[in-house]
Amino acid sequence: MAYRIEVLGHQEDGRALRIQKALDAKGAEVCVRVVDVYTSEHPAANDKPFRSTLANPVVQSVNTLPDDFDWALEIGFLPGVTDNIGHTAEELLRLSSNDNSDNETACYSSRLYLIKGPVSREDVQALAYDLSNRLIQRATIKSRAEFKKDGGMEAVLPKVHLDNKGAVADEIELEISDQALEALGRQGIENEDGSRRGPLGLSLLYLQAIRDYFKKEGRNAKDIELETLAQTWSEHCKHTIFASPIDEVQDGLYRHYIKRATNEIREKRGDDDICVSVFSDNAGGIIFDENYLICDKVETHNSPSALDPFGGAITGIVGVNRDCMGFGLGAKPVINRYGFCFADPRSNPKYFRDPKGADPMLSPAHILNGVVAGVESGGNCSGIPTPQGFVYFDDRFAGKPLVFVGTIGLIPRTINGKPAHIKKARPGDKIVMAGGRVGRDGIHGATFSSVALDEGSPATAVQIGDPITQKKMSDALIKEIRDKGWYSAITDNGAGGLSSSVGEMAGQSGGFHVALESVPLKYPGMAPWETWISESQERMTLAVPPEHTDALIAFLARRGVEATVIGTYTDSGRAQVSWHGETIMDLSMDFLHDGIPETPLKTTFTRGGTTEPKLEEKSDYGPDLLAMMGRLNICSKEFIATQYDHEVQAGSVLKPLQGPGRVYAETSITKPVLSSPKGVILSQALFPRYSDIDSAAMAAAGLDLAVRNIIAAGGDIKHTALLDNFCWCSSDEPERLGQLKRAVTAIYDLAVKYETPFISGKDSMFNDFKGYDASGKAIKVSAPPTLLVSSIGVIDDVRKSVSLAPKAPGDLVYLLGTTKDELGGSEYYDHLKHLGSNVPETDGHQNLRLYKLLGRATRDRLIASALSVGLGGLGVALAKKAIAGQMGLDITLPDTGLSKAALLFSESTGRVVVTVAPQNRKAFERNFKGYEHCHMIGSVAFSENLTIRNFAKVKTSMLDSAYKLPLKGY
Amino acid sequence: MTASVLILSGYGLNCEEETLYAFEYAGLKGRIRHINDLIENPKELDDVQVLAVPGGFSYGDDTGSGNAFAQKMKLALWEPVRRFVERDTLTIGICNGCQIVANLGLVPGINKKYGERLVAVTYNMTARYQCRWIDLSINDNSDSPWLQGGGTMHIPVAHGEGRFMMDETTLKSLKDSNQVAISYIKPDGSTAGGEFPYNPNGSTADIAGITDESGRVLALMPHPERGMFTWQRDDYHELKDQAAREGKELPEESDGMRLFRNAARYFAS
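Chains as they are written, first to last, in the numbering used here: chain A, 27 to 996; chain B, 8 to 276.
In case anyone wonders, no lab produced these hints; they're calculated from the structure.
Incorrect hints may appear among the rest.
Covered, in the sense of this in silico footprint (three residues per stretch, anywhere, with C-beta under 8 Å from a C-beta of chain A), are these stretches of chain B [what the hints assert, rightly or not]:
(1) 40-46
(2) 86-92
Cβ-Cβ distance ranges computed for the label pairs, FRET-style [as the list claims (entries may be wrong)]:
(3) N374/A to E175/B: 42 to 48 Å
(4) M27/A to N185/B: 46 to 52 Å
(5) P944/A to D54/B: 57 to 63 Å
(6) E38/A to P194/B: 22 to 28 Å
(7) N148/B to S987/A: 53 to 59 Å
(8) E180/A to E175/B: 37 to 43 Å
(9) N148/B to K878/A: 37 to 43 Å
(10) N185/B to N89/A: 49 to 55 Å
(11) P546/A to R94/B: 41 to 47 Å
(12) M27/A to K50/B: 55 to 61 Å
Listed below are the simulated BS3-like cross-link pairs for lysine-lysine, each with C-alpha atoms no more than 30 Å apart in a straight line [unchecked claim]:
(13) K994/A to K193/B
(14) K193/B to K981/A
(15) K979/A to K663/A
All C-beta atoms in this analysis are idealised placements derived from N, C-alpha and C, irrespective of residue type, glycine included.
From just these sequences and the hints, can you work out the full model?
Listed below in structure tokens is the structure:
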């Protein structure tokens, strides 16, 4: 028997008020009550002790629903979907009933909304659409009459029932036609009933190599072996596009450009090298101070976020936290960062996955809200501050949003006298899996299935992170166990699950054997291949010497964390998996890791944007400036900054909202060690639209701004490192590969010039949506080729940090750097619906001169405020400064022969606007002596206007509202 | 005597390290204890003078913030905790700790009846997590050892459920006995009057923190440990610039440190 416990919230529950507000906005005045529902079969679920643990009597009551409502809407999870609230309720049930047996104590959460007011069933359906996702949730709607007739809502137990028949390893015949091999790669292994298991993503060339391998072995492949090779050889894991020979570049883009840049810089730096562990681990590590290293990793989680924005984003952030926990012997996550690329949330393009229009894509607003909430939940629940991030809008992100998530970790340089960044699984070490259990979550990544999910097919496409399970594991491993020396190596379970984590670590020992039946499962009946490649979250894999396994597992148990020995690392040269004693996988390690055939790539390149528009010069640019401030890419994203806890761990120095006017900043500073004066400076930059003209300009501009922001905030270019995240589209087309090659070449040049090494990177090469429009016509929406450059630097003393807000009227305003006629791809041209041709070109040599001089001025504490000129150009930078300081500025721009529009809105790189106190003027100008691009352009005014003489005069308060209004309601 | 503080951890609490740093900076001895270890060895509470339940996201706020952790404490640790607060000790619950302490009924403890839930700390009116710096006024009439010196504080809040709610009788009783210890105000010192963002969560009577009757147990939503140093402040760069112009040194400590110093002072006297 299933028991339902309905906990009614009070009348002014904030969650209810928010829904009321949303419905009110649609013109219906309604009253909403929120009811938290728990469902369980355990007899004690009906008892008072348990029920009273679920309700706070001050504001809640149990099983006493009000009678005055018109509609009831209940949203609950589908079978197999992670239900964190249900898990907590289960723990309370065990505690309050003292039942620690293996009895069915499962509890399931759902939420009931009782709505009173003049709304139709369609309105409630629309609300259900906004509040839920049919991929992972069920929504039930009842009118009051139906509710009464049925005696309330049904008690639903979303249990997973799997047919145990599937729990064997199947043999796969590979001596088949090329055509059949291609189908196998594209659609996956065929089941008995003719259905397919989902794409392996293996090309014909790869499958031929695999066929030849098994021919040599003299046997058929097992399904688990094919699935393992598909994971290990995937673009996601092997980065085949960056590794393959491309045109004349035999060693591939990654080795030839990215890695070589870092190697050359490290060599040149010699003793001043800041790199410690680059490209070889889950994150890249640099020196923080004499006692600590910091590591950094930025991931993307684009496809999952397109399907389930909340689940995709939360899984992304807690996943990259694990990259940090898996750096060296385990770094403590100390800072999170984020970056989102969305389509305009006010637009609603009609895209469908099927030609009949039955399967619509989520709207941009739905994706934005879900992604923002997912990172909020993951970051805040994990107790990691999130001070830095950005949001960029372009309608081509309607098909796939880009969701960047990053984590910075802190780790002692040595642990027990040994370098902490070095780890090695040794033969004989036990393979221990710690954390959550394994379910069907995330099998084949985020392969979308249009078949409705039911009991038999639990949400395989989507995973939802459980930050608290992970937090318990993280605290236990990193804060308590690591320094005991109980394990030799650690890595996270991400893409490819165990197949990937065990396979990678076994590369160090030379082989492994896993007894798959020992892996703890969420529910029985999973096939061995599913267990092996499942991407269920919150798991780390450790290599533990046999003498420590008992202690480690017992310690984790005391922290509420499950850990299990699932096998042994060996030096057999074989990757072996058994299932109840039967060997079901036995591959040579060499073939697994190096058997992948090379695929040479060819590229072409055509520059875009052939002409510059002819613009009429205006007498007043005030209206343009106001319009620019309200553009999505420029306006404030304060609603995100205030939702993301940037103060936890108590180290926040330079915050996401700066100055009394709270301008949303691109750079943050955080002290990861409270007793040290040093801080970690972070920034990020990207310019996707520049790719429409030239991807080299796009890439260089991003790298330049990411570095420049660090310098502007007081960082030292010599203690700055970079991370590259390529999010490309259609990477099977020579033209797109040509754009890629140009971008990679450009950042090689600039990074070497700046001597800022790349320490980590990731790529996502197919950000395309192939589907249908409302008329059933096939369409393809491709994200613009995008490089995100993330920068990380160390500032020696946070007292020397500089915020972007002007500090006092009477201070002098300087523009550092050169403004050129470079409006191509700019926000201003986009505002006027032009692309243009003169995209900003980055002069690394000139910029570096400035950064060194500016760095010295900052260290001498001559700068009162500094802001890089970015999207929207100088006009927008000046307006942001006025808003931040809640002050006026009185500006006179020098006549350099450029058009007014270019002077105001050109996005030429390498520029910084600074303010300087009058008493520092002499020293400041002396500092820049001999540098010809230091222009005094005015002063911080004793007025309430931003005055740019001969261009515009606008009240700061008007700029302020134009800047803050567009996304205020989100 | 140097007093000792025990700071709880586990199940998603996450501010234990900086809270320990604050107490140690103020001169106390401190240790972090996982709740499961304390349940195994509750006698440890006999050796300490201060209990701190720090901020965090215990149990992910599932079933209401602080609820599940409080239920766990109630079922497994209630007697030792009750004995602890009845001694001449200090207890502080910050943010998630405040929600836990309120769910446990250590506040308001009217008529010294610990264990009764009389206030709820629940969903913000905006139904949005709010991380922002706010201004607080300390009740001059409170004789809580934590709040000696009174005045105002500028420190941050960061929570999704910080709204104090209670019935009229409880509110009156709290007001009458000066247990409403800390309230949200506007930067000019006037009352916030429920207005967002000065009162960031819609809390009844602008309440940011309350004490038990003795004043020895303090539960507050804002984070003093995140506003203990000047460099942590949101206006740090403005203050720093002004000090440089005036040729002054900025004080190292800021408003939040006062609470921790008060704890040290209480046992030093």
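Verification of the supplied hints:
1. 40-46: Satisfied; 3 residues make the cut.
2. 86-92: n = 0 at 8 Å, threshold three: violated.
3. N374/A to E175/B: 42 to 48 Å: holds, 47 Å
4. M27/A to N185/B: 46 to 52 Å: For N185/B against M27/A, whose Cβ atoms are near 51 Å apart, the range 46 to 52 Å holds.
5. P944/A to D54/B: 57 to 63 Å: Holds, at about 59 Å.
6. E38/A to P194/B: 22 to 28 Å: holds, 27 Å
7. N148/B to S987/A: 53 to 59 Å: Violated, at about 41 Å.
8. E180/A to E175/B: 37 to 43 Å: This hint holds: roughly 38 Å between Cβ atoms.
9. N148/B to K878/A: 37 to 43 Å: violated, 58 Å
10. N185/B to N89/A: 49 to 55 Å: Cβ of N185/B to Cβ of N89/A: about 38 Å, so the range 49 to 55 Å is violated.
11. P546/A to R94/B: 41 to 47 Å: holds, 44 Å
12. M27/A to K50/B: 55 to 61 Å: Given about 43 Å between the Cβ atoms, the range is violated.
13. K994/A to K193/B: holds, 21 Å
14. K193/B to K981/A: holds, 25 Å
15. K979/A to K663/A: holds, 25 Å
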